[in-house]
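Asker: Chain by chain, the residues:
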Amino acid sequence: MSSKPISGPHTAVSRRVDQIMWLVIKAMAPAIACGIFLFGWPALYLLATTVAAALLFEAFSLKVKGVAALPFLRDGSAIVTGLLVAMTLPPWAPWWIGVVGAAIAIVLGKHVYGGLGQNLFNPAMLARVALLISFPIEMTTWANVSPLFTGPGVIESLGITFGSLPNADAVTGATTLGYVKTEFSQGRLLPGSLLEYSGFLAFIGWERGSLGETSSLLLLAGGIWLMWQGVIKWHIPVSLLLSIVLLSSLFHLLDSQHYLGPWVHLNSGAVMLVAFYIATDYVTSPNTPLGQIIFGAGCGMLIYVIRTWGGYPEGTGFAILLMNAVTPLIDHYIRPRIYGRYRNGKPLDISNS
Amino acid sequence: MFALFENPRLRGGIHAEEHKTETSSLPIATDFPLPKKLYIPVQQHVGKPAEPLVMVGDKVLKGQLLAYSQGTISAPVHAPTSGTIVDVKDFPAPHPSALPIRTVVLESDGLEQWAELNVVEDPFQLDPEEICLRVGAAGVVGLGGAVFPSAVKLSLGRKNKIHTLLINAGECEPYLTCDDRLMQERAAEIVAGIRLMLRGMDAPKALVGIEDNKPEAFAAMREATRNLPNIVVSQVPTRYPMGWDRQMLRYLTGQEIPADGRATDIGVVVHNVATAYAVYKAVCLGQPLISRVVTVSGAALAKPQNVEVPIGTLMSEVLAYCGLDKAKMARLVMGGPMMGDALPIAEVPVVKACNGILALSHADIEEPEVQPCIRCSSCVTACPVGLLPLEMASRIKVNQLDAAVDLGLKDCISCGSCSYVCPSNIPLVHYFKFASGELVKRQQAEHKAEQTKRLIEDRNHRMERIRLEAEAEAQRAAEARAARLAAQQQAQQAKAEGTEKTAPGVAAEETA
Numbered sequence: 001m002s003s004k005p006i007s008g009p010h011t012a013v014s015r016r017v018d019q020i021m022w023l024v025i026k027a028m029a030p031a032i033a034c035g036i037f038l039f040g041w042p043a044l045y046l047l048a049t050t051v052a053a054a055l056l057f058e059a060f061s062l063k064v065k066g067v068a069a070l071p072f073l074r075d076g077s078a079i080v081t082g083l084l085v086a087m088t089l090p091p092w093a094p095w096w097i098g099v100v101g102a103a104i105a106i107v108l109g110k111h112v113y114g115g116l117g118q119n120l121f122n123p124a125m126l127a128r129v130a131l132l133i134s135f136p137i138e139m140t141t142w143a144n145v146s147p148l149f150t151g152p153g154v155i156e157s158l159g160i161t162f163g164s165l166p167n168a169d170a171v172t173g174a175t176t177l178g179y180v181k182t183e184f185s186q187g188r189l190l191p192g193s194l195l196e197y198s199g200f201l202a203f204i205g206w207e208r209g210s211l212g213e214t215s216s217l218l219l220l221a222g223g224i225w226l227m228w229q230g231v232i233k234w235h236i237p238v239s240l241l242l243s244i245v246l247l248s249s250l251f252h253l254l255d256s257q258h259y260l261g262p263w264v265h266l267n268s269g270a271v272m273l274v275a276f277y278i279a280t281d282y283v284t285s286p287n288t289p290l291g292q293i294i295f296g297a298g299c300g301m302l303i304y305v306i307r308t309w310g311g312y313p314e315g316t317g318f319a320i321l322l323m324n325a326v327t328p329l330i331d332h333y334i335r336p337r338i339y340g341r342y343r344n345g346k347p348l349d350i351s352n353s
Numbered sequence: 001m002f003a004l005f006e007n008p009r010l011r012g013g014i015h016a017e018e019h020k021t022e023t024s025s026l027p028i029a030t031d032f033p034l035p036k037k038l039y040i041p042v043q044q045h046v047g048k049p050a051e052p053l054v055m056v057g058d059k060v061l062k063g064q065l066l067a068y069s070q071g072t073i074s075a076p077v078h079a080p081t082s083g084t085i086v087d088v089k090d091f092p093a094p095h096p097s098a099l100p101i102r103t104v105v106l107e108s109d110g111l112e113q114w115a116e117l118n119v120v121e122d123p124f125q126l127d128p129e130e131i132c133l134r135v136g137a138a139g140v141v142g143l144g145g146a147v148f149p150s151a152v153k154l155s156l157g158r159k160n161k162i163h164t165l166l167i168n169a170g171e172c173e174p175y176l177t178c179d180d181r182l183m184q185e186r187a188a189e190i191v192a193g194i195r196l197m198l199r200g201m202d203a204p205k206a207l208v209g210i211e212d213n214k215p216e217a218f219a220a221m222r223e224a225t226r227n228l229p230n231i232v233v234s235q236v237p238t239r240y241p242m243g244w245d246r247q248m249l250r251y252l253t254g255q256e257i258p259a260d261g262r263a264t265d266i267g268v269v270v271h272n273v274a275t276a277y278a279v280y281k282a283v284c285l286g287q288p289l290i291s292r293v294v295t296v297s298g299a300a301l302a303k304p305q306n307v308e309v310p311i312g313t314l315m316s317e318v319l320a321y322c323g324l325d326k327a328k329m330a331r332l333v334m335g336g337p338m339m340g341d342a343l344p345i346a347e348v349p350v351v352k353a354c355n356g357i358l359a360l361s362h363a364d365i366e367e368p369e370v371q372p373c374i375r376c377s378s379c380v381t382a383c384p385v386g387l388l389p390l391e392m393a394s395r396i397k398v399n400q401l402d403a404a405v406d407l408g409l410k411d412c413i414s415c416g417s418c419s420y421v422c423p424s425n426i427p428l429v430h431y432f433k434f435a436s437g438e439l440v441k442r443q444q445a446e447h448k449a450e451q452t453k454r455l456i457e458d459r460n461h462r463m464e465r466i467r468l469e470a471e472a473e474a475q476r477a478a479e480a481r482a483a484r485l486a487a488q489q490q491a492q493q494a495k496a497e498g499t500e501k502t503a504p505g506v507a508a509e510e511t512a
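Chains A and B are the protein sequences, given in the same order. According to the UniProt record's numbering, the first sequence holds residues 1 to 353 in order. According to the UniProt record's numbering, the second sequence holds residues 1 to 512 in order.
Since the hints were made in silico from the structure, they are not lab data. Some hints could be false.
[As the list claims (entries may be wrong)] To be clear about the criterion: a stretch of chain B counts as covered by chain A if any three or more of its residues have a C-beta under 8 Å from a C-beta of chain A, and this derived list gives those stretches:
1) 325-339
2) 357-364
3) 374-387
4) 408-420
5) 427-437
[To be verified] Part of the chain A face toward chain B, derived, beta carbon under 8 Å:
6) 6
7) 9
8) 10
9) 11
10) 13
11) 16
12) 20
13) 75
14) 282
15) 283
16) 288
17) 335
18) 340
All C-beta atoms, glycine included, are put in the ideal place defined by N, C-alpha and C.
Just chain B, same shape as in the assembly (with noise of 0.2 Å):
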């Protein structure tokens, strides 16, 4: 508070409690039992949908390819164990929703037999375009939440000029520590998974930001890259959200990224540092993507814990691993407190996308009534973009939408620092949203009018063109018959000059 001025690279932001302590002692559990049954959606990143290549009863290998990707921006699906495929089916997905979407059930034989696996004698001589085809084909996406395919950036980061890549271990969510112990127990193979990174894009430096709430990760990764000038491991204040990739880097490196641009304008790739560590498990031991650390924390469980999941697994056999106790638990939500999503059901699966499981106690979520606007501006101070939050949510109220867009309503990140801090507790990030939606909903709507109205016109020209068609042919007909006519006139003419001798009088009349 009494902060004179503001670290110009460090805007905004807060700190909420971190409850991380729970969890960030514990290591990984790596005994979680192998479900009986897994579900694992086809769609579980950005893009896409992948396309299931696999029928009901075959029989699969750890490891085996179930689904493959389909265009540019998508990402293969492969089995988590060895088993059988029992349905292709629509399954509730871990959305707030639990709409049903396309998800291939497996029934495990217990075996865990692994398929034949691709690797390479030394993965560092690899060509960088090999690498990033090991990292597609492995179904690698960003785990730190935006499940982007990694192997579409890297290649995207080798097109363009890249000076720095920037890995971001910030993990600046309550709550979460998956990143934090998977930096503990397996920094070598991340700063692996890094040196591939940089090679699969021939980018000749990388940074690692760490929040300074984790020391021990921190220590850990300095050790691993010791030998490694061109990896450089940093502290970064822990202040949320510094895991916003545009904050960590306008941080660590003082520049932005333009506002219509990506992070690849300037020269900049930014990986989570759990997908370095899927990006050495692809390349390095041929394994595609099919398991993930996922913390399991709140105050409905009696043992929160970081656990090591296969995809697919249902939440519910994770929360029961840990201890839930149900009657304690008020909420059930995927990811961190800030961003992640309340769920209605725990029978959903654990996808890749998935960093964390919070059974939240009543307690942890307390919910007093909205009170009236005092326009503290709290929210201004916290909104790490730079926006007005408490103007925006005024004009989305009375349904100005143009009026919010024109604040910045599309330059919000939805962190939900506005709304942590509002003291009248006015659901801002929640305005935001469906400002959005909105948004997109009336662009569809737009959209929708403007090909209603092409085919109109489309319909009025055929018709148009049908009956100038018709007329044409109309007259072209009249024509020919005027010609006929006119030719059997002629005929009858020249008949009737042979007989006009013989009678003018009807030939006279005749042409009259």
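Here chain A stands alone, though its shape is the one from the complex (with noise of 0.2 Å):
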């Protein structure tokens, strides 16, 4: 028996950090499975590249930081990380592409504000942006889709992603959102532009896309298990898909030559990874449900209008860094109300109850 005072609770613990991390690593892998199985070797090297990556770095910083590696690395979070940015790329992006934004996502994003807990911007959004920005012709060559065992083989593969990627045009091409867009430059109008868009297979993920964004139908169960899971909330994803759902209706309604429609945007990019897997980035997002909501309602029209009028045609990567600011000010002023008094902090007026 110990004789050191020690305050309850005396229980045997509910619920671990790794195994929160193990939880969404399961969740997102169904997901990740589908871009393997969709673009082949070379998503799986640049995968497993980014995850390893991501695993130096974080040793890296831990040991420059003087504490003990170990146990921070067996938490899982460097893990999750470098499958988001691993997720985020383009599949057939060379290896570099998947170190560089692991190095930025783990020593940028993580470690120079002080380790796990501690980042104002979510690691792996932070990651893609700067990717984007920094290499844009990398970050968005998108590879057709090339089931495994039908494209390049395990060798060839390798040269994909490690060496050059050879006769770009004949395996690549434009992501719809992309495409949308540069037809508009060009002035031809929507319906048109869209012939050869099937909602049904960019639904359960058969399209060009990054490597674990296409398929919205094993993200959004994914997501939904960690809901049940008690991982994740539902105000977050719930407000971010409802802004998005919202205002594409509203302004395709309008004028549906200039507006994509709801189904497009809720499966195109990034959207259903973003609203399960990083918007609800715990560290970066608010505390309370009424901020999460609020946060998540941000993040889905900033992507929206990042989406229709921005320079970007996609904007995820964007809306979550600009709302990830917002969150010290939300949580500032979004607080939840103290038993017994009023929501500016006053206790309750007797006479009134």
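If you follow the hints, you should be able to join the two separate chains into one complex; please do so.
Answerer: Structure representation (structure tokens):
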């Protein structure tokens, strides 16, 4: 028996950080597997490189910080970050894109702020935006869907990831959002430019896009499972998706030639990934339910605005970073009401009760 | 998790592993062997300690007054059995510090001879004041753990207009089943106690809230109140801390007690269900509070069960009765696991506040390392008060106590929900208790500084006054001397005038 005075509760632990991280990894696994299946061995190589780099940079940062690295490496947060970075990359991107992405996410996005739980911005989105601005060609070269065993082989794929992309034009194309944006710039309007678009294929993920972003179906399933497991709450995903749906429906109804409909928006780009796995990042989102709803709605609005009127076809990364920057402000103003007090902190009036 | 909208009456809270089935199906053991020696602390309640009126060597009877209550907020202590007072000394208290407090040591004679009990024919005809007096004289205190003298609460209720007596039978702490068993076995007596309380406060109705994981107790209480329309027994959801009186009140009535007020401010008084039983015993049987039902549970015990134990029994004896395996016990806890105190030794007495003695094994209290906060806000969701535990803890960590107070530190009820759900195993409640302690310390230091300042000022004033008085005295003396001198001179002058004619030169010299 110890005689050190210990405060309660005197109970077993309910859930630990590493368990949460593994649940998140499990939830993302189907979407990642789908990405590897759709885009073949290069996707797998890129994913492995990115995660390995993330772990190495984590270990390096912890060593520089002067703490024992092993307990932190075991918590799985670096793996989650590595996976998320990889999921947002074009599947046939060269290996160094993954490594640079992991470095930005882990070193600049996380440890410069003080490590786990201290960062202001979502590391994966920081990496994505930094890469997009720095390496626009590599970050917008989208491989065609070429399922495992029908595309390049195991050895040939090594050349794609660790060498250079041969015959790029033959095997790549634009994403739906990028294509529509280009068509607009050439004066071609909507129903026409979407003739080849299949809402169903986009939903299950059979389209060009980032490694782990294409399958709305699997991302949604994983997200709902995470909610059911109690890892994330409904507030951010629902408000984020709902604000996109509302805005896109409104403008689509007003002018269907210039504005994409809600289905295209929901199933394109990183919306599903962001709604369930990125915007819900504990560290960079508000604490309170109301704050989370504001945060989610803000993300959704910014995504729509950047996509529709901005220079980039996809705006999720920027939207998340902007809302991350607002999170401390939201947390400052949105606080739960304390029992027996009004929202402003004054005690309840007896005569009112 | 899919609860889209929280019930506004039921905020936060957690559902920990209950561990209640081990003891809830067994009857209360009433055959606990009478200990040879009982250690009865004179302070077992909130307020001033009682003052012993027995001497070493005195023979006392069961139920006889050992120490009388001092002041308005206090409670007397009675002899749990008959025997001889062998000592009145300082003895380790059932407190995490195990610091000694004043304790009456009673050696039992094994005769269990009752003192003469003051029983009335029909207690329900007693005056309300008389009921309060009897409850106070019997040393009844809140048995839910707060141990506030019940008579004070009843009198307070009589002075304010009370519309509802809330009987708290939540028993939301894991492991604890003493209230559950009490309701299952002695519902009629509890209801009698509730009726007496209602009469003592002139209150019209009572609400009894029982968590819905105690269906047998609920049925028994329903049955016992079948013909009493003014006592409503309701089920409340099983969600810790349902037994927080303000939470239960909000759930059952929708009312909230203002942060700076008490329940009486909104016309409610809350009593624990075991207190109602003690009130019954005090008023109907004339028996003071000298024993209580204690849940003895935990994985280190062979026979976990509820035991009726005389106040003052050493916990080690109770644990031995329940088959303690000392090697398995990793921690001894008084109360429930969420809010109870870890005790360093088992050789401390059972007191009125003690509703549970838990001998927990290593598996029950696994303690992984503390990790950094990942701001998952589980603690925000779990907090029944509506605080931001993670923010408060981060302020306290860097010693910004005022910032923590601004965030609502003083509204924290130390229920431990935040610590329980924290995936990083951060001891949040520990931080809050520490900060509250620091605030008290700071307040005391401020008080002391003020006192010192006042003393110094007083001293300065005093010295000034003394100086002024001395000066005045000196002045008076000087004036007196001057006056004397003047008088002498006058006298001399007069004398000189008499002789002037004879010697004018001398007089002229003198006056010059």
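Asker: Each hint: holds or not?
Answerer: Status of each hint after checking the structure:
Under the rule that three or more residues need a Cβ within less than 8 Å of chain A, the assignment of the segment 325-339 of chain B holds, with 8 such residues. Counting residues of the segment 357-364 of chain B whose C-beta lies closer than 8 Å to any C-beta of chain A gives 4; at least three are required, and the coverage claim holds. Beta-carbon proximity to chain A at under 8 Å applies to 11 residues in the segment 374-387 of chain B; the threshold of 3 is reached and the given coverage holds. Under the rule that three or more residues need a Cβ within less than 8 Å of chain A, the assignment of the segment 408-420 of chain B holds, with 5 such residues.
Look at the segment 427-437 of chain B against chain A: 4 of its residues bring a Cβ nearer than 8 Å to a Cβ of that chain, three or more, so the hint holds. This hint holds: residue 6 (chain A) has a C-beta 5 Å from the nearest C-beta of chain B, less than the 8 Å allowed. The interface hint given for residue 9 (chain A) is met, as the beta carbon of that residue sits about 4 Å from the closest beta carbon of chain B, less than 8 Å. Because the closest C-beta pair between residue 10 (chain A) and chain B is about 4 Å apart, less than 8 Å, the hint holds.
Given hint, residue 11 (chain A) at the interface with chain B, holds; its Cβ is 5 Å from that chain's nearest Cβ, closer than 8 Å. Checking residue 13 (chain A) against chain B: minimum C-beta separation of about 6 Å stays under 8 Å; hint holds. With 8 Å as the threshold, the beta carbon of residue 16 (chain A) comes within range of chain B, its nearest partner Cβ sitting at about 5 Å, so the hint holds. For residue 20 (chain A), the suggested interface contact is upheld, since its CB lies about 6 Å from the closest CB of chain B, less than 8 Å.
At about 7 Å, the closest approach between the beta carbon of residue 75 (chain A) and any beta carbon in chain B falls short of 8 Å, and the interface hint on this residue holds. Evaluation of the residue 282 (chain A) hint against chain B yields a held restraint, the C-beta minimum of about 4 Å falling below 8 Å. Look at residue 283 (chain A): its Cβ gets to within about 5 Å of chain B, closer than 8 Å, so that hint holds up. For the restraint placing residue 288 (chain A) at the interface with chain B, the shortest Cβ-Cβ distance is roughly 6 Å, inside the 8 Å limit, so the hint holds.
Given hint, residue 335 (chain A) at the interface with chain B, holds; its Cβ is 6 Å from that chain's nearest Cβ, closer than 8 Å. Interface restraint check: residue 340 (chain A) against chain B, minimum CB-CB distance 4 Å, threshold 8 Å, status holds.
This entry satisfies every hint, going by the numbered hints stated previously.
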